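Protein chains: 2
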Amino acid sequence: MNILGRDIPDYIEGYGEVKHYNGYLAGKGEKSKREIKFRNTLPGDEKLHEDLEELLNKLPLRDEMVVSFHHHLRNGDYVLNMVMDSIAKRGYKDITIAASSIFPCHKGLVKYIEEGVVTGIYAAYISGPVAEAISAGKLAKPAVMHTHGGRARVMESGDLAIDIAFIAAPTSDDYGNINGVEGQSACGALGYAHTDAETAGVTVAITDNLVEYPNPIIEIDQTKIDYVLKVDAIGDPNGIVSGTTQITKNPIGLKIAKLTADFIKDSGYLKDGMSFQTGAGGISLAVADEMKNIMKKDDIKGSFASGGITGYIVDMYKEGLFKSLLDVQCFDLAAIQSAKENPGHITMSASMYANADNKGAVVNKLDVVILGATEMDTDFNVNVTTGSNGTIMGGSGGHSDTAAGSKLCIIVSQLANSRISVLKDRINTVTTPGETVDILVTERGIAINPKRTDLIEKFKDSHLPIRTIEELRDMAVAMTGKPRDIEYDDKIVAVVEYRDGSVVDVVRKRK
Amino acid sequence: MNILGRDIPDYIEGYGEVKHYNGYLAGKGEKSKREIKFRNTLPGDEKLHEDLEELLNKLPLRDEMVVSFHHHLRNGDYVLNMVMDSIAKRGYKDITIAASSIFPCHKGLVKYIEEGVVTGIYAAYISGPVAEAISAGKLAKPAVMHTHGGRARVMESGDLAIDIAFIAAPTSDDYGNINGVEGQSACGALGYAHTDAETAGVTVAITDNLVEYPNPIIEIDQTKIDYVLKVDAIGDPNGIVSGTTQITKNPIGLKIAKLTADFIKDSGYLKDGMSFQTGAGGISLAVADEMKNIMKKDDIKGSFASGGITGYIVDMYKEGLFKSLLDVQCFDLAAIQSAKENPGHITMSASMYANADNKGAVVNKLDVVILGATEMDTDFNVNVTTGSNGTIMGGSGGHSDTAAGSKLCIIVSQLANSRISVLKDRINTVTTPGETVDILVTERGIAINPKRTDLIEKFKDSHLPIRTIEELRDMAVAMTGKPRDIEYDDKIVAVVEYRDGSVVDVVRKRK
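In the order they appear, the protein sequences are chains A and B. The UniProt record's numbering applies: residue 1 is where the first sequence begins, and numbers increase by one. The UniProt record's numbering applies: residue 1 is where the second sequence begins, and numbers increase by one.
No wet-lab data here; the hints were simulated from the structure. Heads up, a few of these hints could be off.
Where chains are identical, the list cannot tell them apart; a pair therefore holds if satisfied intra-copy or between any two copies.
To be verified - The calculated lysine-lysine pairs, modelled on DSSO-like cross-linking and capped at a C-alpha distance of 30 Å, are:
| id | residue 1 | residue 2 |
| --- | --- | --- |
| 1 | K28 | K58 |
| 2 | K37 | K407 |
| 3 | K138 | K230 |
| 4 | K340 | K318 |
| 5 | K19 | K47 |
Model, not experiment: these values are computed from the prediction.
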């Protein structure tokens, strides 16, 4: 049992020795960035190729290699499938894929998992057929589910050494200066691709928009790219981003958002210089909308908004409510446009965003973050990795990173929905440790983590519906009944790595 | 004797084994970036200090440490002296200083060299009292004089591991996001500081312009900075940059510039998409001015101009003659202003600019570079390291890097000046190997390197005064007489490292 009460062995077959989670600041100390071996590019050397097969002939492909991909093309990505199809055809086996996230469009991987072409997966988020295949125990080794910052950490430290990085590049010149804000497959910031480019032995930029040298907007530069491959299309624009992200229309969601904004206002954190992050979920966006109104009314100027950026946050920037946007990925077209045009819209690497093992990530400077939850327990531990049925359907992304870094971490969730309660005595998986979560806001009340005695004191006479988390749980149980425990097999199908590389939980195969 | 005919031992006391120069492309192969050890910065950790002594108490100071500085504050820099005075007061010895360049304002170092506080120096350019002290044999170990790109290489490879980097930062926030384009000590691009920040175990940003987090213009980001030190002044604005750089008024210089521009025009390299670099010397700027006129008249649109950027080059960018400026350092106020304001004015690291051991430097994409020479021999080898009296008075800077990368490397120089000829049978020091130099343009004629048979063919019926280099030498000798050879001691006072880390020459103590 680790300190969160999760049953984790000291050694996991196919993963190795376990470093047990020991608190969110336990990773303080001496760190290292691993040695990187590569070949230099000298005057006269060319990088540009127009044929994938011809390029693959030049790469050091081998069994057991580790290849990486980023997920900025989201559910419209063609690159992972394109590359893995060719690698599989060549007969290589036992490949580990380090993809920052895996989406339903990557369903072609399931076959390669079943055939032993792919036997290892590292990702911060997995949804769709690949998640189901992993949960069903089809992947030979347990999947490693790290955080967004943790991905930068595993690559920089050498916990996972990338042999070849394949980087989808919406725009590139012939020498590998790339950006994500232009071209038919524009996706905005390329935050998750930086560490791949910096640490892989060989890096290939794959683009469908080749521009004259030098590309005038450079997010990742030529010194980190070995080859440029020009293809017809790297993704399906319809799957890359939604046209616009949407505020929830659900009145329960809107109520939660209003309560959340009121709580933030009364908490004392909503003041000049405040920094803020929220995701692209409907309730989170509704919180941003409420915040916007309060900030405008009370003439409050924030410092920065970070994270995945949406049009709502861009609007707040344009209205002067935030001085800067620190952007690791864009969720909609307005965000992409802004990343290209607005000088205060700064793209950043995932390491700068959220890595616990560098000289200081942006999340460390975050005041308030709004996050979601699939499940939560009365210790404020949050699950965003598995569904209430025990199957993988997500992952931390930046959840654990922002919870750890922020001064006020608020989980917003409907307390009960379709007869399922978010609050349980025991959750299927711990993604984010409760010690880093401060508040749960539901439509039936707001619970403050008991360790935040300062906030409990501040809200003791509040007009807001402050409840203990046990009270909220009891309300939920009264509505939904006691949830049935899911029965699991012993087989570990995924390891949930905390941002410092310790193991916070494991996912087991369902019976 | 190395392949350039220079007498270099296989082992140099205080330097080590010598890798002999073996051609400008001999460094092709497998390379590595060294492992970096550091301490991480977690939520709650602060970086800001306001007292140098208090900060130094926290740093891992020790005898024999390697400390680094950049030279973007040029002859107005306060930071190197400020830090070294405090370190010397604490009694540390045998320190190696890796300063990208050393100027007359660093004369305080001479005392520390004499006292054994400083026993090693790495720099790309050294002028003034420190250069004289080194030439006089006062430094315990030979100074290592690398190129601008070579400096990035030695640090990345670990040939020189920096213990502590002290980075003058014209603007910084409290978490170490820094830029050089704002503040009372604005100097423009911070190209030479990137590798220090990326590779040093501990990095300190020293600023006199502390701004709110996040600094909206970030050239080097917070993930590479351990501490921020706020001081009253990091430099003297009068010494940091000249107000404006100036075209030569000397009619001989103007004649050379005109010949050079005519040569470039007739060479075929002056066409749409051409890339170009020139320094801040009076003749070089006159060449740029001539080029501007030709490009405007013939409606030629270049690709990029690189290197140290001046107002003349900014004007060409503004007139649409270059699409982008790739800028490693700014030479005047117009360049600094442009680096801040113009989206196509892109700052770059010295590694991106010129490092031979990464995945491709900007110099590799350069068509035409205009460079100077103190001396040149009939093999086209160039000396910009020592004066005609044999004393150190400069160094490669980007000279060897751009010569190696460019398709057309032109040396512009007055053939004879004050009874001293630029052309000699034997030069005091080889900085840049002749195989990378294509053309010498003087007021008495233009010499083409015999290896450029293509250009010799192209110019065989030219109206331009094409001469052999021997003819030019003979003209010079007729004007100045045979130069006297300088007598040297056996003691090696400096090692001239080529960009790939091989030794191209050594500087000996004068008798």
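Tested hints:
no., hint, verdict
1, K28 with K58, "between (41 Å within a copy, 17 Å between copies)"
2, K37 with K407, "between (39 Å within a copy, 29 Å between copies)"
3, K138 with K230, "neither (34 Å within a copy, 56 Å between copies)"
4, K340 with K318, "both (14 Å within a copy, 21 Å between copies)"
5, K19 with K47, "between (41 Å within a copy, 29 Å between copies)"
This entry does not satisfy hint 3, going by the numbered hints stated previously; all others are met.
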